[in-house]
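Q: Listed here are the chains, written in short residue letters.
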Amino acid sequence: MAVKNKLLCVLLLYTSGLAARQANPRSDTGFVHIPAGVYWLGGREHQLNPLRKVEIAGFDLAATELTNRLFEKFVLATKYTTDAERFKNAMVFEPGLAEFRWLSDSTAYWRFPNGKSRGGIEAKMDHPVTCISYKDAEAYCKWAKVRLPTFDEWEIASRAGAKTTYFWGEDMEQIGQYANIWHGGDHLKADLSDGYVYTSPVGSFKPNGFGLYDVYGNVFEFCTGVLKTDPKNRKIAHARGGSWWCSNHACGFFNSLDIGRVNPQASFSNQGFRVVKIPVQH
Amino acid sequence: MLKIMIIKATRYRQLFFLALAICSSNLLFAQVDNQEWKQASTSSEAYSKSRRKNTVPPYGLVKVKAMIAGTKSSGGDNDVYFTVMSPKNYQSLSLREKFTYHMIHAEVESQNCDVSAPILDEDLKVFGTLPDAFDEKSWSERQLNFLISNRDSVLALISESVNRSKRVGLNYKIAIEHVNGWEIIPLLIRTYKIDRKDHDILTVLIQLMKKNDYQPFMTSASYVKLYGANSTDRSFIDFNQANEDLILSRAEAFYNGRKK
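The listed protein sequences derive, respectively, from chains A and B.
For the first sequence, the working numbering assigns the number 1 to the initial residue and increments by one for each residue that follows.
For the second sequence, the working numbering assigns the number 1001 to the initial residue and increments by one for each residue that follows.
None of these hints come from the bench; they were simulated from the model.
Every value quoted in this text rests on a predicted model; they were computed, and no experiment measured them.
By construction, the Cβ of each residue, glycine as well, lies at the ideal position given by its N, Cα and C atoms.
Be a bit skeptical, because a hint or two may be false.
No farther apart than 30 Å at their CA atoms in a straight line, the calculated lysine-lysine pairs in the DSBU-like style are these [said to hold, decoys possible]:
(1) A:LYS235 - B:LYS1211
(2) B:LYS1038 - B:LYS1197
(3) A:LYS189 - B:LYS1197
(4) A:LYS163 - B:LYS1211
(5) A:LYS88 - B:LYS1063
(6) A:LYS232 - B:LYS1049
(7) B:LYS1038 - A:LYS88
Derived, one-sided and incomplete: chain B residues facing chain A with beta-carbon distance under 7 Å [stated by the list, open to error]:
(8) GLN1035
(9) PHE1082
(10) ASN1163
Please take these sequences and the hints and turn them into a complete structure.
A: This is the structure we're talking about:
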């Protein structure tokens, strides 16, 4: 009995701690206006994202990453088939793999982002859609009459006025308040320390100063843009902000500086997007 | 009267601190405004490119290239995105040809963050982790399993190729790490000493000591810096004479102890 009570206490402390740390989940249809202005971007030593000032017109960016619920609407309306369904080569993860190792799984697509054996999204409609490619994200945008953010727009939004690596400063230790990342020292064991092994419902963590949720972690967010290192003979897709898989020891892209790159038709279960509203022309 | 004076003094003090705060913030912004981007030196950029070069093995190269070119690829917009040799064609390759296939062609996709970017002073650092050898691609399970299953042959082919070309491509380095190829440490050291420019050979030596839990390395300050609690996959130690000597002597001692 005493053991049971102790276990209950531990469970209560754990869940109350999580509740205190995480903000209330948000609607997946809200947009945040990012004001026009001059912003600092990049880093002093970053060779792909140099320190610079950029002037930009205001724009409206989704407050959250695009959810399974919204992507399902698109698929039901258009009968769209994702790249993962066509090529049957989505990359999935399960705890126990060495650093940077993923598995190709022919059963994986957005409804089963880590393959059918690891469960579907029925109870995760408020999670970000994953296992979609850059091409799939573009198709969604065309249908929904929205677009992906540019590198600069994404960075301005993520920084919320800050010039530092993270929107709160340089202290990486604060990441747990704002982002669903991998806190383990490696990927050999599941990391449940923040409540989630894979994705979390959008808006589960505290927002940045602009009111944007999950700009770091949860899923990598596709952006448009070209880097100086991009090859001339093939297309490259880019995404930013890191993901639930990213740890400080492997990846560490959960910040406002780094820019990832990936095959535009590859599908990973930590890859998603958020959208920018296209102003209505009168 | 005294009360009024105190209130006035308090107001002046508030105004003083407000002015001080405004000046400080202006100074801070001015400092940020004065910050300049540091571009990597020419030697750093050249080293960044050179360390990402693979070695192309000669074994059945023409045949393997032709088979890759003939493999039906999938993808849109006339781009070749996914090219995986069929099981039948793959099985038809000899061991040496399979080795060449793996060294020039990776079958699955890499993560967004798996492709390391050029960094400042890259030529002056010894990293704990190697960059990825195939841009946005990685070896598949069958490719990784091949390397392990044919470990001795793979190490022999790599040794043969390195002895001939006097360099160790990034693909070879990753394969050596993957198969825990401690037996070729003397060859790696000999090759490194030709011009002492390929610091990633030192990284391979470090990785082999780590993989084999070699205590003099595992309990060293270098280990803590490269793989300790505060390390990242971009962690490095400075490239200098002392660190170079230490890595080489430790690797030699590890090899001599292991071969007994």
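Q: Between A:LYS235 and B:LYS1211, does the CA-CA distance stay at or below 30 Å?
A: The hint is violated at about 36 Å.
Q: Regarding the pair B:LYS1038 and B:LYS1197, is the alpha-carbon distance no greater than 30 Å?
A: 23 Å, holds
Q: Holds or violated: A:LYS88 and B:LYS1063, Cα atoms, limit 30 Å.
A: Measuring from Cα to Cα gives roughly 28 Å; hence the hint holds.
Q: So, B:GLN1035 near chain A? Judge it on the closest CB pair being under 7 Å.
A: 6 Å, holds
Q: Tell me if B:PHE1082 is really an interface residue toward chain A, meaning its C-beta lies closer than 7 Å to one of theirs.
A: 6 Å, holds
Q: Please verify whether A:LYS232 and B:LYS1049 have alpha carbons no more than 30 Å apart.
A: Holds - the C-alpha atoms of B:LYS1049 and A:LYS232 are around 16 Å apart, at most 30 Å.
Q: Is the straight-line distance between the alpha-carbon of A:LYS189 and that of B:LYS1197 30 Å or less?
A: Measuring from Cα to Cα gives roughly 38 Å; hence the hint is violated.
Q: Is the straight-line distance between the alpha-carbon of B:LYS1038 and that of A:LYS88 30 Å or less?
A: 43 Å, violated
Q: Please verify that hint: B:ASN1163, Cβ, nearest Cβ of chain A, below 7 Å or not.
A: With Cβ-Cβ at 29 Å, over 7 Å, it is violated.
Q: Between A:LYS163 and B:LYS1211, does the CA-CA distance stay at or below 30 Å?
A: Distance of about 39 Å is beyond 30 Å: violated.
In the structure shown, a violation is registered for the earlier hints numbered 1, 3, 4, 7, 10, in ascending order.
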